[in-house]
Amino acid sequence: ETGVTQSPTHLIKTRGQQVTLRCSSQSGHNTVSWYQQALGQGPQFIFQYYREEENGRGNFPPRFSGLQFPNYSSELNVNALELDDSALYLCASSFLVNTEAFFGQGTRLTVV
Amino acid sequence: AQSVAQPEDQVNVAEGNPLTVKCTYSVSGNPYLFWYVQYPNRGLQFLLKYITGDNLVKGSYGFEAEFNKSQTSFHLKKPSALVSDSALYFCAVRPSRGSSNTGKLIFGQGTTLQVKP
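Chains as they are written, first to last, in our numbering: chain A, 1 to 112; chain B, 1001 to 1117.
Any given hint could turn out to be false.
[Unchecked claim] So the derived label-pair ranges between C-beta atoms look like this:
#, chain 1, residue 1, chain 2, residue 2, range
1, A, Leu83, B, Asp1054, 44 to 52 Å
2, B, Pro1079, A, Pro8, 36 to 44 Å
3, A, Pro8, B, Ser1084, 25 to 33 Å
[To be verified] If the Cβ cut is set under 7 Å, some of the chain A residues that face chain B in the computed set are:
#, residue
4, Asn55
5, Ser86
6, Leu90
7, Glu100
Simulated from the structure, these hints should not be mistaken for lab results. From the three backbone atoms N, C-alpha and C, an ideal C-beta is built for every residue, glycine too.
Full structure from sequences and hints, please.
In structure tokens, the structure reads:
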């Protein structure tokens, strides 16, 4: 098991609602990345935070936003949920931007 | 465009036989290459990486991967498969320094490995 923990593990939301997903990074890691994995697909990069600053973003709309806190934990916020946002959301932490990333178990979001 | 291809949706092997899971990539420069494994309803587990140096890299659980720059491939291998190796395998590439989004991983679609007893 990695030291990356995500909460909650499962979540059901209604279209149009907002959701916050949380991630605690592995001890000593200062970089957190978020990925969306739709069913049957590979993970897609949402964004990365390094020392509390956004350090890159994938092709996701602005309603996907994030934060990183001084203890390097992170949140992913999604506003105005759409049915297509249903997916497994993965958080990964690493010591630096370019070192290997260790993933949490994911949060399964279902939008109905 | 930067991309990773895993041409096989599924690979079937008998226990004890060697296995290969294929991966090719299209990224400029000298990328970092990774393999991850995913068990049902779980996150991704890191298996191995290639940064530089010897083209054959060894990783966890007896897996290894061979980097071939001319063929832009990074195939995952194991000399003797176990039933417990059955899982979903992802190849990923991190664009090299100097590109935007140097921290992101680009993943392939995944290959399901089935090892039969």
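Now for the hints, and whether the structure bears them out:
1. Leu83/A <-> Asp1054/B: 44 to 52 Å: About 47 Å separates the Cβ atoms of leucine 83/A and aspartate 1054/B, which means 44 to 52 Å holds.
2. Pro1079/B <-> Pro8/A: 36 to 44 Å: With Cβ atoms ~41 Å apart, the hint holds.
3. Pro8/A <-> Ser1084/B: 25 to 33 Å: About 29 Å separates the Cβ atoms of proline 8/A and serine 1084/B, which means 25 to 33 Å holds.
4. Asn55: Holds: closest Cβ of chain B sits about 6 Å from asparagine 55/A, inside 7 Å.
5. Ser86: 15 Å, violated
6. Leu90: OK, holds: leucine 90/A within 7 Å of chain B, min 6 Å.
7. Glu100: It holds, given that the least Cβ distance between glutamate 100/A and chain B is near 5 Å, below 7 Å.
In summary, the one numbered hint that this structure violates is 5.
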